[in-house]
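Number of protein chains: 2
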Amino acid sequence: MAFLFQKMVVVGVGLVGGSLALAARRRGLVKEIVGYGRGEKNLKWAQKNGIIDRFFMREHQIPEGVDLLVMATPVQAINALTRSFLPKLEASCLITDVGSVKARVVRDMENLLPPGISFVGAHPIAGGEQWGAQAAVEELFVGQRCILTPTLKTDAEALKKVAILWRRVGAKLEFMDPVTHDEILGMVSHLPHVLAYAMVNTLSRWKVDSLDVKGYCGSGFKDFTRIASSRPEIWRDICLFNRQVISKSLGDYIKRLQQLRRWIRDGEGDLLEREFASANEIRKQIGSVDGKRGE
Amino acid sequence: MAFLFQKMVVVGVGLVGGSLALAARRRGLVKEIVGYGRGEKNLKWAQKNGIIDRFFMREHQIPEGVDLLVMATPVQAINALTRSFLPKLEASCLITDVGSVKARVVRDMENLLPPGISFVGAHPIAGGEQWGAQAAVEELFVGQRCILTPTLKTDAEALKKVAILWRRVGAKLEFMDPVTHDEILGMVSHLPHVLAYAMVNTLSRWKVDSLDVKGYCGSGFKDFTRIASSRPEIWRDICLFNRQVISKSLGDYIKRLQQLRRWIRDGEGDLLEREFASANEIRKQIGSVDGKRGE
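The listed protein sequences derive, respectively, from chains W and B.
Residue 10 is where the first sequence starts when you use this note's numbering, and the numbers rise one by one after that.
Residue 10 is where the second sequence starts when you use this note's numbering, and the numbers rise one by one after that.
Worth flagging that the hints you see were computed from the coordinates, not collected in a lab.
On a predicted model such as this, the values are computed, not experimentally measured, just so you know.
Just so you know, even glycine gets a beta-carbon here, dropped at the ideal spot from N, CA and C.
Check each hint, because a few of them may be wrong.
[To be verified] Computed footprint of chain W on chain B, listed as stretches where at least three residues anywhere in the stretch have a Cβ under 8 Å from a Cβ of chain W:
no.	region
1	35-41
2	47-61
3	91-101
4	139-152
5	278-286
[As the list claims (entries may be wrong)] Computed far set for chain W versus chain B, every beta-carbon distance over 10 Å:
no.	residue
6	I134
7	E147
8	A165
9	P201
10	D218
11	C226
12	I273
13	A286
14	S297
[Said to hold, decoys possible] The following label-pair restraints were derived from C-beta to C-beta distances:
no.	chain 1	residue 1	chain 2	residue 2	range
15	W	G125	B	Q268	41 to 49 Å
16	W	G260	B	G59	17 to 25 Å
17	B	G48	W	Q294	19 to 27 Å
18	W	Q70	B	L280	52 to 60 Å
19	B	G152	W	L182	23 to 31 Å
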C-alpha cells in the first residue's frame, strides 16, 4: 500500500502531536516522521521510543521534501513557526494543525501561505492533562471526534487527504466553519477550563483556622477541577485567541452566578431548587464519561 | 457479640441512609432496622432487598424503643421531622444525622431536644449523584472520611457510640466544630456544586446557529459538571443552611472571574499564564480521583 504522506514533520511532539505520529506510523500512513520542538530531552525520548525517526531544533534545519507539516503547538506559536519554516517548504506541502481555536489560526494561516501550500484546520477533541511525548498513545483518537474547519479558500485535495489521515487514525470526522467551532468550544471547553483554574485559585486563598482546606477535597471537587491540571501555556493561548467568545460566555456565566448568589443570600429556596432541577435535567442529556478522557 | 443498637430508625432510606442501614446490618451492629420515608415504592424496595426490616410512613407510627434515630433527609427536614417524632421517643434515644451542613443543624437540634435525648452531628463524606434505596451499597463508607461535630453540649457516651458506628462501617473519623466544618465544606463541596449547576444552565442558553451545543461536550465538560446531577432538594437545603459561607465564597469566586475576564479581554497573556500555572501547582497537591466517588 502506498503511503498517504512521504515525509511528515510534527511540530510539538507532545500528547497530541506524538499520538498522531504514533498512530500514523503504526497504520502505515507515513513513510518518515521528523519531530521539531524546543525540549531536546523530550525529542530524544520520542525518537528512542519510535514516535519519530529523527528531529531538528532549529527552524532552518527543516528537511526538504516535507509533504505534511503538523502544527501541534500552543496556538499562538503556529503562525510564527510556520513563517520561519516557509522558505524551505515546497509547493504541494500540506499544513494542518490540532489547535483548540480555529477562526484566528485559519485566518492567519490563509493570509500567510503562498499559493500551492495548503492549510487545513483540524481540532481532534481528544487529549487530557498529561503533557509531553511520554503521554502519547496510539489509540488517542479512536472513536473521538475530530473537527475539520475548511473555508472557501481550502484546497479540496488537501482537505480530502487530511480527512483520510484523521479517519485512518480512528477519529469521527465533522466539518464546521471556524467561527462556529470557536463559539461551541468556547462554551463547552474553554469556559470550563477558565472556571476550573479559578476555582482552584479561590480555594487556595480560603483560610479556615490553620487547617489545610485542600485535604478535604472529595471526588466531586477532584472531577470538577481535573481540567485545571491542563497545561497553562496551551490555555493561555486559547484564551487569547478566542477572547471574544470566552469573554462573552464568561460574562453570561458571571451574571448567572450573581443571580444565584442573591437567591442564596435571600433564602430563595424555590428558585434555587428550580435552577438546580433544570441543570439536572439538562445534565442527564449530556451523559457520563465513558472511560475515555478527551479534551 | 452484643448489638451496638437494638432498634435503628432510618429517616430517608436513600443512598446514604440506605447504605448505612446495609452496612450496619451486615456488620451486626443493629438488631432491627425500621425505615421512614415518603415514597412507599422506595421503602418497599428497601424492605424487599433487606435494607430495612419494615417501614412506616406517618410520623406518629414510629415504633417504641428506638435507641438510634438516623436523620438522612435533606437538612431542612431534620428539625421538623425530629419534632414530630419527639413525643414517642424515649430518654436514652440517640439521634444522629448525615447532613452536609452542620452548624445550623446542630444548633437547632440542641435547642429542640430535651435532656436525655442526645444528638451527635455527623457528615460522612461519601455519596454520589445516584438517589434512592437502589443506590445504597454496603461499602459506601469504607475508607471514606466521616466528620463528627460534637459541641460542649454533646453527651460523651452518645458521641462514643456514634463514633463506634461509623468506624465499624469503615469510615475514617475526624472531629471538628460545626462552624469549621461548614467553612471547609462550603468551599470544597457546596461552592463547586453551585458552579456546576450554573455552568449547565449557562450552556443550555448558548445558541450557536441551529446546533445542539450539548452534543459537543467532551470528558472535560462531563467531569466538570458531574456533580450537577446531584439531587436538587438536597442542594437547595444546603445552600439555605450554609448561606453565609456559600455566599461569601461565591463572592470571592465571582471577583476572581471578573478579573480573569478583564485579563482575557485585554489580552494579558502573562497574567493568565501565571494564574493557570498557579492553579496547576495547587491542583497537583490535591491528587486525582482514586476510583471511589465521594461527595
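Cross-check of the supplied hints:
1. 35-41: violated (count 0)
2. 47-61: Three-residue rule not met by the region 47-61 of chain B, so violated; n is 0.
3. 91-101: n = 0 at 8 Å, threshold three: violated.
4. 139-152: violated (count 0)
5. 278-286: holds (count 6)
6. I134: Its Cβ does come within 10 Å of chain B, the nearest being 5 Å, so this is violated.
7. E147: Nearest chain B Cβ is 19 Å from E147(W), so the label holds.
8. A165: holds (24 Å)
9. P201: Given that some Cβ of chain B is not farther than 10 Å from that of P201(W), nearest at about 5 Å, it is violated.
10. D218: Since the minimum Cβ distance to chain B is about 6 Å, D218(W) lies within 10 Å and the statement is violated.
11. C226: Not fine: 5 Å to the nearest Cβ puts C226(W) too close to chain B.
12. I273: Incorrect as stated: the minimum Cβ-Cβ distance to chain B is 5 Å, not above 10 Å.
13. A286: Given a closest Cβ separation of 4 Å, the condition is violated.
14. S297: violated (6 Å)
15. G125(W) - Q268(B): 41 to 49 Å: holds (46 Å)
16. G260(W) - G59(B): 17 to 25 Å: Given range 17 to 25 Å: violated, Cβ gap about 53 Å.
17. G48(B) - Q294(W): 19 to 27 Å: holds (25 Å)
18. Q70(W) - L280(B): 52 to 60 Å: Between Q70(W) and L280(B), where Cβ atoms are some 35 Å apart, the hint is violated.
19. G152(B) - L182(W): 23 to 31 Å: Given about 44 Å between the Cβ atoms, the range is violated.
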